[in-house]
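Engineer: These protein sequences, in sequence, are chains W and Z.
Residue 121 in full-length UniProt numbering sits at position 121 of the first sequence, with consecutive numbering throughout.
Residue 139 in full-length UniProt numbering sits at position 139 of the second sequence, with consecutive numbering throughout.
Check each hint, because a few of them may be wrong.
Each pair of labels, with its calculated beta carbon distance range [to be verified]: (1) W:VAL439 <-> Z:LEU266: 52 to 60 Å; (2) W:LEU445 <-> Z:GLN72: 32 to 40 Å; (3) Z:LEU515 <-> W:HIS59: 52 to 60 Å; (4) W:SER290 <-> Z:TYR50: 30 to 38 Å.
Output of the computed footprint for chain Z on chain W, the stretches with three or more beta carbons under 8 Å from beta carbons of chain Z [stated by the list, open to error]: (5) 11-23; (6) 44-50; (7) 90-103.
It is worth saying that the hints were derived from the structure and are not from the lab.
Yeah, the Cβ is synthetic: ideal placement off N, Cα and C, and Gly gets one too.
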Amino acid sequence: MFARFLGSLARQNVAVEFVFLLAILVRLLVGLSSYSGAGNPPTFGDYEAQRHWMEITLHTPVREWYSETPQNNLTYWGLDYPPLTAYQSYLHGLFVSAFEPEAVGLESSRGYETPSSKLLMRWTVLLSDVLVFFPAAWWFVRAYYGGRSGTEQAWALSILLLQPASLLVDHGHFQYNCISLGFALAAAAAIIQEYEVVGSVLFCLSLNHKQMSMYLAPAFFAHLLGRSFQKRRPLLHVIKLGVIVIATFAVLWAPYLSSAEAVLQVFSRLAPLKRGLWEDHVANFWCTTSMLPVRAFKWKKRLSVEAAARLAGATTVTACLPFMWNEIRRPSKQGLIRGMLISGLAFFLFSFQVHEKSILLPLLPATMLALDSPWVVQWLAPIAAFSMFPLLVRDGQALTYVASQVLYLLIANPPPSGLGDSCVWFRLAFPASLIGVVVIHLGALFLEPPAQYPYLKAAAMTSYGFVHFVLLVLYLNKKVFTSRTQLERTLEKKES
Amino acid sequence: MNGSLGGLVGEVQGARSGIGGHCQGARMAPSILWIALAVTCLKLLLVPSYHSTDFEVHRNWLAITHSLPVKQWYLDETSPWTLDYPPLFAWFQKLLALPAPLVDPLIVDVKKGLEYDAPMAVLYMRATVMLSDVLLFFAVHNYACSLPASKRALAAGAVIFSPGLIMVDHIHFQYNGVLLGLLILSIGLIKSGRDVLGGVLFASLLCSKHLFMVAGPVYFVYLLRHYCRGPRKFVRFVVLAASVLSVIGAAFGPFVYYKQIPQVMLRLFPFGRGLTHAYWAPNAWALYNSADKVMSVVARKMGLRVAERAGALTGGLVGESGGHVVLPEVTPLLTALLVLLSLLPCLVRIWRNPRPSEFLRCVAYSYLCGFMFGWHVHEKAILTAVVPLALLAVESPEEAGRYFFLSTVAHFSLLPLLFEPREYPIKVLLTALYCLATSACLQDHFSGSSDNPQSSEPKTANLMSAKSPDRSEVTSGWPEHDAQVSGGEGTEARKQGLLTWLERGYLIGLVFVELYASWVHPALLGGKLPFLPLMLVSTYCALGIAYAWVLQLRLVARTPSKQSMQ
Numbered sequence: 001m002f003a004r005f006l007g008s009l010a011r012q013n014v015a016v017e018f019v020f021l022l023a024i025l026v027r028l029l030v031g032l033s034s035y036s037g038a039g040n041p042p043t044f045g046d047y048e049a050q051r052h053w054m055e056i057t058l059h060t061p062v063r064e065w066y067s068e069t070p071q072n073n074l075t076y077w078g079l080d081y082p083p084l085t086a087y088q089s090y091l092h093g094l095f096v097s098a099f100e101p102e103a104v105g106l107e108s109s110r111g112y113e114t115p116s117s118k119l120l121m122r123w124t125v126l127l128s129d130v131l132v133f134f135p136a137a138w139w140f141v142r143a144y145y146g147g148r149s150g151t152e153q154a155w156a157l158s159i160l161l162l163q164p165a166s167l168l169v170d171h172g173h174f175q176y177n178c179i180s181l182g183f184a185l186a187a188a189a190a191i192i193q194e195y196e197v198v199g200s201v202l203f204c205l206s207l208n209h210k211q212m213s214m215y216l217a218p219a220f221f222a223h224l225l226g227r228s229f230q231k232r233r234p235l236l237h238v239i240k241l242g243v244i245v246i247a248t249f250a251v252l253w254a255p256y257l258s259s260a261e262a263v264l265q266v267f268s269r270l271a272p273l274k275r276g277l278w279e280d281h282v283a284n285f286w287c288t289t290s291m292l293p294v295r296a297f298k299w300k301k302r303l304s305v306e307a308a309a310r311l312a313g314a315t316t317v318t319a320c321l322p323f324m325w326n327e328i329r330r331p332s333k334q335g336l337i338r339g340m341l342i343s344g345l346a347f348f349l350f351s352f353q354v355h356e357k358s359i360l361l362p363l364l365p366a367t368m369l370a371l372d373s374p375w376v377v378q379w380l381a382p383i384a385a386f387s388m389f390p391l392l393v394r395d396g397q398a399l400t401y402v403a404s405q406v407l408y409l410l411i412a413n414p415p416p417s418g419l420g421d422s423c424v425w426f427r428l429a430f431p432a433s434l435i436g437v438v439v440i441h442l443g444a445l446f447l448e449p450p451a452q453y454p455y456l457k458a459a460a461m462t463s464y465g466f467v468h469f470v471l472l473v474l475y476l477n478k479k480v481f482t483s484r485t486q487l488e489r490t491l492e493k494k495e496s
Numbered sequence: 001m002n003g004s005l006g007g008l009v010g011e012v013q014g015a016r017s018g019i020g021g022h023c024q025g026a027r028m029a030p031s032i033l034w035i036a037l038a039v040t041c042l043k044l045l046l047v048p049s050y051h052s053t054d055f056e057v058h059r060n061w062l063a064i065t066h067s068l069p070v071k072q073w074y075l076d077e078t079s080p081w082t083l084d085y086p087p088l089f090a091w092f093q094k095l096l097a098l099p100a101p102l103v104d105p106l107i108v109d110v111k112k113g114l115e116y117d118a119p120m121a122v123l124y125m126r127a128t129v130m131l132s133d134v135l136l137f138f139a140v141h142n143y144a145c146s147l148p149a150s151k152r153a154l155a156a157g158a159v160i161f162s163p164g165l166i167m168v169d170h171i172h173f174q175y176n177g178v179l180l181g182l183l184i185l186s187i188g189l190i191k192s193g194r195d196v197l198g199g200v201l202f203a204s205l206l207c208s209k210h211l212f213m214v215a216g217p218v219y220f221v222y223l224l225r226h227y228c229r230g231p232r233k234f235v236r237f238v239v240l241a242a243s244v245l246s247v248i249g250a251a252f253g254p255f256v257y258y259k260q261i262p263q264v265m266l267r268l269f270p271f272g273r274g275l276t277h278a279y280w281a282p283n284a285w286a287l288y289n290s291a292d293k294v295m296s297v298v299a300r301k302m303g304l305r306v307a308e309r310a311g312a313l314t315g316g317l318v319g320e321s322g323g324h325v326v327l328p329e330v331t332p333l334l335t336a337l338l339v340l341l342s343l344l345p346c347l348v349r350i351w352r353n354p355r356p357s358e359f360l361r362c363v364a365y366s367y368l369c370g371f372m373f374g375w376h377v378h379e380k381a382i383l384t385a386v387v388p389l390a391l392l393a394v395e396s397p398e399e400a401g402r403y404f405f406l407s408t409v410a411h412f413s414l415l416p417l418l419f420e421p422r423e424y425p426i427k428v429l430l431t432a433l434y435c436l437a438t439s440a441c442l443q444d445h446f447s448g449s450s451d452n453p454q455s456s457e458p459k460t461a462n463l464m465s466a467k468s469p470d471r472s473e474v475t476s477g478w479p480e481h482d483a484q485v486s487g488g489e490g491t492e493a494r495k496q497g498l499l500t501w502l503e504r505g506y507l508i509g510l511v512f513v514e515l516y517a518s519w520v521h522p523a524l525l526g527g528k529l530p531f532l533p534l535m536l537v538s539t540y541c542a543l544g545i546a547y548a549w550v551l552q553l554r555l556v557a558r559t560p561s562k563q564s565m566q
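Using the sequences and the accompanying hints, generate a full structural model.
Structural biologist: In structure tokens form, the structure reads like this:
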């Protein structure tokens with residue numbers, strides 16, 4: 001139905017405009033809901049963290065942003081993202097203070113929440129999304145799906161823009177993932193169009209906004225390396241990209257490059273080793289297996305933090321190696337995006353200090369594959385949002401969650417075309433898996449867990465998500481080595 | 001809608017195709033269910049948005065009907081928002097209040113519940129509006145089944161996604177969806193020849209909200225001439241009258257028994273309200289008021305002595321529009337006569353030849369007349385004309401153009417209803433998206449390609465290639481997409497679009513009016529002349545709605561051509 005509707009709009013050349021406006025509307029509507037830590041002193045939540053960073057960056061000198069000073073108490077939401085987040089906070093701080101200076105007053109504004117400041121804060125996220133993620137999404141769709149019909153492009157765009165997990169985390173819970181994900185998406189678009197230098201710079205911006213973009217780095221690394229080997233002078237090309245990357249980092253880190261100490265200070269803020277293998281309830285390998293009644297799996301008890309970090313690092317790398325090897329030998333546009341998906345999932349499942357919100361990173365490449373493997377995103381997006389439900393319900397977003405999930409399911413049917421991979425058992429398994437989601441939700445709503453398992457509800461939700469993610473990553477690995485899509489075959493036929 | 005979900009939905013819906021037994025429910029149901037679910041998602045997201053005092057009004061009515069005996073309903077004055085809808089609506093509110101104590105007993109507490117708006121209470125009240133909209137979905141489904149298959153989803157979407165309904169019911173807070181559902185159901189039944197049932201439903205609509213009375217003459221004349229004919233016309237008349245009167249009797253009977261009819265009538269028809277509402281509904285009287293203002297200013301400039309009346313110029317802002325300065329006063333009787341007079345051509349036409357296919361237009365026209373000339377009309381009343389007309393929009397390119405024009409002006413005129421900055425972008429986007437979607441879908445439908453929805457974009461290839469060179473290169477690879485121009489009913493529409501240049505220019509003017517009213521005026525003048533933006537919006541929209549009314553009048557007054565006889 002949605003695809004047919006988009007078809008009508010596409011024939012009148014307004015489909016893209018419609019999707020953009022609809023995406024803005026849905027973001028505004030999600031933004032009506034509550035946010036993380038609303039009215040919950042003394043530490044509040046992510047909303048307060050972002051507001052606090054605006055306050056710090058606006059009123060203290062750049063050099064002190066990451067250091068403990070009388071004005072900057074690092075134990076109260078100290079800045080723990082790379083410099084681009086800090087610059088972004090500064091800009092947003094300027095925006096907010098232009099309308100409501102009290103909202104970002106130094107020290108005086110802690111826990112500041114008024115309806116008007118909430119509105120301003122929501123607008124900073126919306127503007128970031130519209131200025132970074134929206135153009136990136138359109139660029140990507142034109143670059144990667146340029147050969148598809150207008151209807152299909154508009155549909156792919158709406159999947160990128162209306163996937164519920166991102167909507168809920170950025171515009172409900174309150175974060176700025178749209179910026180780092182937007183830069184990663186733009187980087188992929190640039191590299192697909194063979195602007196490798198631009199792509200590298202964009203990906204560095206993404207990394208410097210949130211270090212979690214590292215989840216996608218193996219794919220970019222393998223793809224660019226593989227491409228370099230196809231050039232006449234591979235080494236020169238690699239060096240060129242290396243210099244670009246270093247230069248971008250140098251520019252962004254410039255205020256802290258005065259001494260090794262300053263760099264290390266920022267660095268120590270970004271890699272909080274103390275915080276343990278995972279946080280809260282995460283649908284990843286470590287958290288899920290530790291709930292099994294097997295003593296060997298009680299990771300947090302059995303392993304020191306360093307040992308856990310090493311183990312996590314080793315398993316993550318192992319999970320990434322197969323596709324990287326394949327991508328270095330035979331780099332392809334689709335291989336890049338699939339690689340992003342696999343490495344994103346591998347990092348989410350195995351790496352150190354994973355948050356439930358990190359599922360957004362593998363979800364981005366899944367939405368990018370919307371037309372290639374429609375069933376992947378049709379399935380993954382609702383499950384990913386479901387795996388974050390314990391977090392969302394804490395924020396008071398249960399209603400928003402239900403509405404955006406259903407809305408997504410309503411638009412997730414791809415336009416009819418023979419070009420995506422199909423998956424036979426998807427037609428049976430997908431409704432079954434959705435029924436499972438509904439059953440768990442109903443169970444959590446009406447049943448109380450036994451006293452000795454207070455976290456049973458959250459555990460059930462994350463484990464359910466975990467099973468899906470593991471199956472998906474196994475399937476994708478198999479796919480990387482066995483098949484090409486029909487699209488590739490069609491395109492090859494056309495070229496020859 | 002494809003895939004397993006669609007299949008599932010189809011099976012479930014196929015089982016109950018409803019009153020419209022003649023409909024192939026299985027084909028229509030998935031798309032109406034899709035539309036209903038999608039719009040409900042939007043409504044759910046709107047739950048935390050601003051709600052007006054109408055929220056408290058209805059909460060209070062829930063409390064009154066739930067907690068007090070019937071005898072007290074029209075007497076209770078605990079809250080200033082006393083019950084002033086007819087009895088059937090009160091019963092409806094009582095029904096909605098039944099499960100409320102399970103959620104929060106304060107919702108239905110007459111005294112302790114005053115001004116109560118805890119999040120769960122808001123959710124409960126909003127949910128009752130959403131649930132009662134199911135009647136609208138059902139009515140639209142029932143009506144759409146009488147249309148050709150390719151037009152059904154379009155008509156249903158045009159009604160159900162109406163931003164006016166969403167803004168008034170799900171942000172501002174009212175129950176128009178269910179009432180319009182009742183109206184559309186009644187029209188649909190009459191269109192399919194079930195006159196008595198349609199009449200009964202209309203009677204129950206009147207007993208729920210008496211503002212729908214304006215279409216009474218149309219119903220009366222139509223049923224008299226269409227149903228009460230043939231050899232047994234007297235028997236038929238008695239049957240009809242008995243069924244309609246029994247509905248009215250059932251609704252008002254208890255209050256006759258309690259001897260409260262004068263009290264009920266006092267509540268239903270409050271005296272002492274002015275010709276226009278605080279924000280002038282964009283109708284003939286808005287033009288009349290503006291003309292009066294302009295003339296009084298001009299007269300003063302020319303040195304004539306005109307009665308100075310405080311507040312006369314701020315009539316657009318403060319409650320009663322203080323009397324006119326230059327032009328003669330308007331009385332309620334005059335407005336009633338004007339409404340009847342404007343209805344006359346329509347009634348004559350029905351009298352001469354009552355046609356089921358024209359019934360919808362006549363009803364919508366009567367509401368348009370009521371809106372244009374009625375006494376103390378609210379801006380929201382335009383929905384009673386616009387929403388049914390959406391069902392006509394799919395009939396021809398001309399109808400589509402007329403509907404698009406009227407609906408755009410009407411929805412625009414509703415924007416001042418939501419005045420908080422948080423809802424500003426939401427209301428603008430809702431309206432803009434609806435305009436974009438209806439204009440594109442209607443245009444596309446009449447371009448002849450929509451009968452074959454699977455073959456995507458024959459036109460995109462052509463039009464896009466003119467716009468962006470890389471697109472043409474891209475699309476040329478797909479032979480089936482290349483120009484496949486099919487003629488049909490809408491080639492004309494395709495050449496010139498749905499609107500004339502004058503109409504387009506007027507609609508573009510709306511953008512400038514909005515820019516002035518919401519941005520330029522506050523920026524330049526600040527708090528000065530606060531009435532001016534609203535007066536401008538109302539007067540400008542009144543021109544558009546008057547134009548749309550004239551178009552409808554011409555259609556209704558025109559002698560039926562041979563083509564439309566068929």
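Engineer: Checking against the hints above, which ones are violated?
Structural biologist: 3, 4, 6 and 7
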